[in-house]
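Participant: So the sequence shown is residues 1 to 51, counted in full-length UniProt numbering.
Hints are computed from structural coordinates only; laboratory data are not their basis. Incorrect hints may have been included.
Label pairs and their computed distance ranges (CB to CB) [what the hints assert, rightly or not]:
1) V4 x S39: 21 to 29 Å
2) I41 x Q20: 30 to 38 Å
3) S18 x S44: 25 to 33 Å
4) L19 x I41: 28 to 36 Å
5) W36 x V4: 21 to 29 Å
6) T34 x K6: 37 to 45 Å
7) T34 x I1: 33 to 41 Å
8) F5 x K30: 17 to 25 Å
Here a beta-carbon is modelled for each residue, glycine too, at the ideal position from N, C-alpha and C.
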Amino acid sequence: ICAVFKNHYESGIPDLYSLQSWITTMCLTKLYNTKWVYSFIVISSLEGHQI
Numbered sequence: 001i002c003a004v005f006k007n008h009y010e011s012g013i014p015d016l017y018s019l020q021s022w023i024t025t026m027c028l029t030k031l032y033n034t035k036w037v038y039s040f041i042v043i044s045s046l047e048g049h050q051i
C-alpha cells in the first residue's frame, strides 16, 4: 500500500480519487477490525481454559 501512495505522490496523481479506492479502503479496514475483534473474543473466551 505504501508503494501505491508513493507512486501516486511522485506521479502527481491524487490519492483515493476514485470510488473504487474508497470502497476498497473501507472494506480492508472493516476486515482488519473484524479480525481483531474476533480474535479478542476467541482469546477472551479461552481465558481460564487449559489448552
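Participant: All hints, please: hold or fail.
Facilitator: Hint check results:
For V4 paired with S39, a C-beta distance near 27 Å keeps the hint of 21 to 29 Å intact. Range check, I41 to Q20: Cβ separation about 31 Å, and the 30 to 38 Å hint holds. Evaluation of the 25 to 33 Å hint for S18 and S44 yields a failure: the beta carbon distance comes to about 39 Å. Distance hint for L19 and I41: a CB-CB separation of about 32 Å, consistent with the stated range 28 to 36 Å.
One distance hint, 21 to 29 Å for the beta-carbon pair W36 and V4, holds here, with the actual separation near 23 Å. With their beta carbons about 28 Å apart, T34 and K6 fall outside the hinted range of 37 to 45 Å. The beta-carbon spacing between T34 and I1, approximately 18 Å, falls outside the hinted interval of 33 to 41 Å. Under the hint 17 to 25 Å, the C-beta atoms of F5 and K30, about 20 Å apart, fit the expected range.
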